[in-house]
Amino acid sequence: MSGFKTLLYKEVWRFWKVSFQTVGAPVLTSLLYLLIFSHVLDRHVTVYGEIGYTSFLIPGLVMMSVLQNAFANSSSSLIQSKITGNIVFVLLPPISYREFYAAYVLASVFRGVFVGAGVAIAGLFFAELPLKAPLWILAFAILGGGLLGSLGVVAGIWAEKFDQLAGFQNFLIMPLTMLSGVFYSIHSLPEFWQGVSHFNPFFYMIDGFRYGFFGQSDVSPWRSLTVVVACFAAVAALTLNMLSRGYKLRG
Amino acid sequence: MTVPAIRVTGVTKQYGALKALAGVDLEIGQGEFFGLLGPNGAGKTTLISALAGLVRPDSGTLEVMGHDVVGDYRNARRALGVVPQELVFDPFFTVREALRLQSGYFGIRDNDDWIDEILESLDLTAKAGANMRMLSGGMKRRVLVAQALVHRPPVIVLDEPTAGVDVELRQGLWQFVRKLNRDGHTIVLTTHYLEEAETLCGRIAMLKAGRIVALDSTANLLARFTTHSLRVRLAAPLRDPALSVTPDEEGWLEFGFERFEEVEGVLARLRAAGAEIAEMHLGEPDLEKVFIGVMHAA
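Line by line, the protein sequences are chains A and B. Take any residue in the first sequence, count from 1 to its spot, add 408: that is its number in my numbering. Take any residue in the second sequence, count from 1 to its spot, add 64: that is its number in my numbering.
Everything labelled a hint here was simulated from the structure, so no lab data went into it. Every value quoted in this text rests on a predicted model; they were computed, and no experiment measured them. Quick reminder that beta carbons are idealized off the backbone N, C-alpha and C, glycines included. A couple of the hints might just be wrong.
[Stated by the list, open to error] Estimated spans, in silico, between C-beta atoms of each pair:
hint	chain 1	residue 1	chain 2	residue 2	range
1	A	603	B	122	45 to 51 Å
2	A	444	B	104	53 to 59 Å
3	A	601	B	195	47 to 53 Å
4	B	67	A	655	30 to 36 Å
[Unchecked claim] Only pairs whose alpha carbons sit at most 27 Å apart, straight line, appear in this in silico DSS-like list of lysine-lysine:
hint	chain 1	residue 1	chain 2	residue 2
5	A	425	B	204
6	A	569	B	204
7	A	569	A	656
8	A	656	A	413
9	B	83	A	490
10	B	191	B	204
11	A	656	B	83
12	B	272	B	83
Just chain B, same shape as in the assembly:
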């Protein structure tokens, strides 16, 4: 039996009166692309920090590839690459120097071939000799990704990697991370951009006030909490009790449905009521609705 990439059991962490983690259990399989979502202060970063050994949990255990992050921290840390949320860098060194040092911290010598490969993949080759201070924010972010990869970790955690990053870089970054995932790396991602999580992650956990309030495959979450919707705006106001919906302030009517066959029925009802449609919009289920639904319910 293969060990899970990540296993979190009963983890709690308290900061004064604040319960950052209130008993988290979570298992992430090898090769998954996993999303960790939640509002600010939900405990996402605390959980990731505990995994990386940057925070010591009050109780519970965390394992990376079967290695306990406290008892067997050396192997646990070798198996984990973390891209921190803050845009941190050491102003004393160039990009290549920073990557060589990072390799050395993991006990790896002569890592230049792999470093060159990472630089190439992240489009950083031209900046290899540049001092970290001279790089733009987006470039610094890419170097952080590179630093997390120098030791070829099987599990990669990205904490809000696209916050404040322009669209082009974001696309490039996701392409790269997807490739890493295809190559077998387990990816754990926290993000505020729900559409990113929706398109990238196979499974998602939602955190609220230090607890996991939803944990399922992205498809199931979408199916469970949302429906398709048909929004129409009528040319003239119409109040027919048979329609069973009332327009919003801008005159839009919204009808929810599970299957596309149901659209015809809705339109037939509108026709029967003598409505003339001025605008129409078909909505897909989206993670934002799931997110709002889960956060309100929890």
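Excised from the complex, chain A in its bound form:
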């Protein structure tokens, strides 16, 4: 087994060992959103003409779970390892920075997709969910998870304390996710805010992901794909650059 495979395996094993907290808790949180919003809004709101609000909401919640958990996996693993000092165990072996990057990001994608799948399955108890274009679903889940897993690596390496990481999470990831159209179609927003939403890469991840279910979306899935791929490439380049320089890892 190469160093890369072991590191990937360890990163997956790590969250799996505490799956009650890393998988169970986020699924429960999403279910609570679903329970409350669907109960309050389902009879009053329809989206894209005929889609019930609960059906519309589920893919949004699934993708939000994918993104948040992908970020949480790499960022929390790295900061814990840095603060406790056990990061040396992965810095001493002959693992290249590219392998290091790939292992952390892939494990993040895995956790994101795993939690997302959990939310989706639980959501089926609340509403029917069409699957118009499953490949789009898969593409956006993987790319979105990869992008946030990569951002998690950046945050985990940059942050020196848990509160700095929490700041990153609460003041950047959380607002961008909440304002991305998880809970609404941006067509229901005033024109100005619709315009602003187009500058939020999270909007494209959610919108493209949702397209896979309904075959309808606020913007073309190709456009969303282009934006997400471009953002992923940019963040990956930044992360790889940090790792190659040993930024905050190899003084």
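With the hints as your guide, set chain B onto chain A.
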């Protein structure tokens, strides 16, 4: 010609205004038991970290078994086992899991036979299934040693391995490290316990402010910087200029000498002066005196 286990050439490292390494050159041969001594902040850990690839030097090169730690880092790291100074561990895993993971990071599969052997040697077999969190400090230290050995590195670096470790464990650990050395492993050790370095290390480098200020065999260092000493306390105060020494506050007189034959002469002088000896103590050369001498001179 065999390559040296470690070759350090012109290595410098600056942290802001602090010069952690100010041009270090050092060669350690295969099979040596080498000591790296120096006060806190002398640059010992920075040097070891640079060797392990945890710190990037500003200039200079480092090689482990002939492999450059930057250009050929994979082979350099395979050849090196590092026991870090801090008592670090991953709370998610058991002892065996941690050792299996560490083996995997070095690309080694199915390493259980060797892992069992290390566990046995370090008296950890009974703790193999225990979570790392549950272990005492001494046990965690042993696991760190085990982790450094999973890939059978020819060169082993121990950074202050006995800091805060009880006597029994320290003895056991040194027995084990000595055996590794006898089996051909090169050992590099940093320690604050000078008597440990004195008994274990064949050669010693002393670092001060990022420079090597002394580098020689332990025997030579002891011979060069210290002498035997005879300390006596007299029953009654005696001031005889012929003795050429004055007593310290507690009334002890100290005479230095190179060879034991000289002791007789000292005693004869004391007798001639009419001194009555109440207590006597014969001192061996020791590394602490060398250390203090070198640090003050440098």
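List of violated hint numbers, smallest to largest: none
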